[in-house]
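Trainee: Spelled out, the chains give:
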Amino acid sequence: DAGVIQSPRHEVTEMGQEVTLRCKPISGHNSLFWYRQTMMRGLELLIYFNNNVPIDDSGMPEDRFSAKMPNASFSTLKIQPSEPRDSAVYFCASSLEVRSYNEQFFGPGTRLTVL
Amino acid sequence: EDQVTQSPEALRLQEGESSSLNCSYTVSGLRGLFWYRQDPGKGPEFLFTLYSAGEEKEKERLKATLTKKESFLHITAPKPEDSATYLCAVQVRSYGKLTFGQGTILTVHP
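Sequence order for the protein chains is V and X. Numbering (my numbering) for the first sequence: 296 to 410. Numbering (my numbering) for the second sequence: 38 to 147.
One chain only, chain V, in its complex shape (with noise of 0.2 Å):
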């Protein structure tokens, strides 16, 4: 069965370009999370979605930050602009079930850099 999938696994772009970073959770999983992960900060939740509805997205740092999921296979983080400091790995997650506070598989993430 395969796991979270990511794509790209590297992404190089320069300051101001629109950045999409792709993910397809887990076949049956209804919930999916973006994290963003440095040196300085950890691993950082960005936002989460429910069936597909966005439940929190507290974590995203500016309005540079959108996020999407248009079904339950399928979700877009995008940049736009980039900027330097938004150099870090975003992993994507999901899980089964929110409530049941089931534990989230990760994939094995994008590298960032904007340079």
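By construction, these hints were calculated from the structure, which means they are not laboratory data. Please note that a few of the clues may not be correct.
[To be verified] Which chain V residues face chain X? A few, computed with CB under 8 Å, are given here:
1) S326
2) F328
3) L338
4) F386
5) E398
6) F401
None of these values were measured; they are calculated from a predicted model. Cβ atoms here follow ideal geometry from the backbone N, Cα and C, with glycine treated the same way.
Position chain X relative to chain V; hints supplied.
Mentor: Chain X only, in chain V's frame:
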């Protein structure tokens, strides 16, 4: 504000040398405490969930325990393949938000 603090930041062990990692937390209403393992260049991998003080869980050489203020991850007779960053996280509400600690980097030398 929910806080999770892990110690030590880094731990170097010889193969077979048992030790413990600590995760202390200050939260209002703990729902669950999670331990994850992260290898370089990979996403965190789930290890354990603990829900109440006094609970213990084991998996191979790892054993996690929970009190009202902290959790320990005990590593018995570690092997080099146990080298990784170990993360703990807390869940304090009825939905899925996890707050992670900074992690402990464990290195086990043969």
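Trainee: Take the hints in turn and mark each one as holding or not.
Mentor: We went through each hint and held it up to the structure:
no.: 1; hint: S326; verdict: 5 Å, holds
no.: 2; hint: F328; verdict: 7 Å, holds
no.: 3; hint: L338; verdict: 4 Å, holds
no.: 4; hint: F386; verdict: 5 Å, holds
no.: 5; hint: E398; verdict: 4 Å, holds
no.: 6; hint: F401; verdict: 3 Å, holds
The structure agrees with every numbered hint stated previously.
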